[in-house]
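Protein chains: 2
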Amino acid sequence: MQIIITGGAGFLGQKLAKALLKNPIDFDELLLVDVIMPGVPLQDDRIVCKQVDLSEPGVPETLIRPDTGLIFHLAAILSSHAEKDFDLGWKINLDITKQLLEACRKRKPGIRFVFASSLAVYGGALPEMVNDMTALTPRSSYGIQKAMGELLVNDYTRKKFVDGRVLRLPTISVRPGKPNLAASSFVSSIIREPLHGEQTICPVDPGLGLWLSSPDTTISNFIHAAKVSEEQLGNWRSINLPGLGVTVRQMLDALEKVAGKSTLDLIQFKPDPAINNIVGTWPHKIDNEPALKLGFRIDQHFEDIITQFIDSES
Amino acid sequence: MQIIITGGAGFLGQKLAKALLKNPIDFDELLLVDVIMPGVPLQDDRIVCKQVDLSEPGVPETLIRPDTGLIFHLAAILSSHAEKDFDLGWKINLDITKQLLEACRKRKPGIRFVFASSLAVYGGALPEMVNDMTALTPRSSYGIQKAMGELLVNDYTRKKFVDGRVLRLPTISVRPGKPNLAASSFVSSIIREPLHGEQTICPVDPGLGLWLSSPDTTISNFIHAAKVSEEQLGNWRSINLPGLGVTVRQMLDALEKVAGKSTLDLIQFKPDPAINNIVGTWPHKIDNEPALKLGFRIDQHFEDIITQFIDSES
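Chains A and B, in that order, are what the protein sequence lines are.
Under this note's numbering, the first sequence has 20 at position 32, and the numbering climbs by one with no breaks.
Under this note's numbering, the second sequence has 245 at position 257, and the numbering climbs by one with no breaks.
For the record, the hints were derived by calculation from the structure and aren't laboratory data.
Mixed in with the good hints, there may be bad ones.
As the list claims (entries may be wrong) - Think about it this way: if two alpha-carbon atoms lie no more than 25 angstroms apart in a straight line, the pair counts; the simulated PhoX-like pairs of lysine-lysine are:
(1) B:79 with A:94
(2) B:72 with A:148
(3) B:94 with B:147
(4) B:38 with B:94
(5) B:86 with A:86
(6) B:147 with A:96
(7) A:147 with B:94
All figures in this text were calculated on a predicted structure; none of them were measured in a lab.
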C-alpha cells in the first residue's frame, strides 16, 4: 500500500511521517508532497519526497496509484494568511481539496482520506459548550474554507468515492521552529520563545480561553483516524479531536512552574486587533466525549505539554 | 438600478419578476437570465430576458453593470437531479454561485445578493426542533452544495464583496405545472394532480412530516429579503424562512375538505427509496421566530395554500 501526505514539508507532515515509519500500519511507500521539497524525515527506503503544485490541473491524479490506500491531506494556507490573501486561500484550502477528492474518485474510489480541518470552522455567537451539532458560522475565510472542505469530504464519503475522516484540530501548542502565518501562532510563541530565552509578544488578553492539543497527541490522533473502522465512525465523518481548555494566563502559570518566573518577563502584551478578530471567535470548550469514545487521545495538563516540547528539543 | 434574476425561466424566477414589476422597489431594468430563454412574465419596458450559460467562464461578469444593485440567485440543479448527475450539481449549484460572487467582487462590490438555499441543508440525526444554531449535516449532494453556497455568501458578505442574504426555503407547495426533478416534487403533485382530476403517486408514508411555504409567501419573503436592512440582519446572513409543519396525511385531509373525498382516490401510495432517502432526512420543525422577528411572512393553514393554488389557476 502507498500512503500520501500532502503538506509533507510542514511540521505536522514531517512529524506524521516519522510516526508512520515507526508505526505498525503496513505500507510500501510513504509519499510526501508539498510545494517546497519535503525533507526526508527519517532514512527509510519507503520514503519518497516530491515537490509538486497540487493546484496545477491534473497533478493530483498523477499521485494516485492502484495501491494508494490512505491520504493525509494536510496542505493548507493558514488562517491569517488566508485572511490576507483571499484568492490563495480558496485555491489551496478548497480547490485543491476538491481536486484531490476528484482524483480519488476517478483513479481509485474508496481511498481512506484523512482531512485536517480546524476548530476555526466554529465562530460567532457560540454556546458555552460547543458540540458536534453546533452550527458552523466561522468568522474567517480559513474557517469558511475548512467548513466547505468538511462538507465536500462528507459528500464524497456518502457517495463512496472516498472513505473520509475529517479531524477538527484544536490549536496546536507548542509548535517548534519559527512563528507561522496562523492567527494562533502566538499560542506556541509565548511558550517557545521564552524557553529559548527570547522575547515575544502576546497579542491577546491573558483571560482569553484557548482549546489546545499537543503535537504528540495530534499525530497520534491522525494515525488513529486512519485506523478506526467505518462502522465505528457512522455516516457523518467530522470529528472534534479532544482538546484541553486553558486560558493564556493558565498557560503562563504553567510556564512559570516549569521554567521559572524570569521566563514571563520575556513576554510583552500588545493587543493585535487582526489576530483577536480571528482567534477571539474560536470556541474554548468543545464536547470531547464523542472523540474519546472513538478512542482518540487527549492531553491532561498544559505543564505536560511544555515538558513534551522541552524533551522534543533535547 | 438594475436587478438580475438567475434561474429567470423557472417558476420562482418568473413569479418573482411579476411581483417585482408590481412592487414599490424602484428599478430601471429587470434582467432575467437562464440557460433556456426566459419568458416575458409581464409586458413592461423594464424587462430584459437573456439566454446565457452562467457556467461559461467570464459570462457572470458580462451581466453586471455599474448600476446593478440587486441579484436574486435562484439558478439551481434540484435535489434528485443533483443526486443523479453529481458533476452537473457541483457545476451549477456551487461553481456558478462562486463565479457570480466573484463577478460582483470584481465589477461592483457591495451588490445586494439574495441566495436561494433550502431546508435540504439540514439532514441526518436532527433535534426535535431545528434552529439557526443546528449543524448542517445534509445527506444529499444538493444539500451539501447549498450549504457550501451559504458559507460562500457569508464570507463574501463579511469581506464586503457583496451584501448577502441567504434564504433557506421550506419545500414549496403547491407548485403549478409539471413534476420537476426535486425529490420533493410529490409535495406539489399529490395536491395539484388530483385537483386536475389526474392520478398521481405519493412515494412516501402518509405520516411523513414536511415543512412548507406557499409560492405567494415565498415570493413575498424574497422581496422582503431584498429590503431588510444590514443592521437588522447582523453578521451571519443565513435565514430559515418561516414554514408550516404538516404531515402528508394532514395535507390530504385538507385536500379532502377543499375538493372532496373523490380527489383522494386519485392518489396511489408507492414508496420510492431514492426519494425517501433524501426527503426523509429533511427537518419538519424549524424555529420560525428569528425570521418572523425580521418581518418575514408565514402561511397559516394548508387549506389556504390549496385555495391559493386554485385561485392562481383560475
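Results of checking the hints against the structure:
Note on residue 79 of chain B and residue 94 of chain A: the hinted pairing holds, with a Cα-Cα distance of about 17 angstroms set against a maximum of 25 angstroms. A distance of roughly 14 angstroms separates the Cα atoms of residue 72 of chain B and residue 148 of chain A; the hinted pair therefore holds under the 25 angstroms criterion. Our distance criterion of 25 angstroms between C-alpha atoms is met by residue 94 of chain B and residue 147 of chain B, whose separation comes to about 13 angstroms. About 22 angstroms separates the Cα atoms of residue 38 of chain B and residue 94 of chain B, which keeps this hinted pair within 25 angstroms; it holds.
Our distance criterion of 25 angstroms between C-alpha atoms is met by residue 86 of chain B and residue 86 of chain A, whose separation comes to about 14 angstroms. Our distance criterion of 25 angstroms between C-alpha atoms is broken by residue 147 of chain B and residue 96 of chain A, whose separation comes to about 38 angstroms. The hinted pair formed by residue 147 of chain A and residue 94 of chain B fails the criterion: a straight-line CA distance of about 35 angstroms is larger than 25 angstroms.
Figure legend: structure checked against the earlier numbered hints; hints not met, in rising order: 6 and 7.
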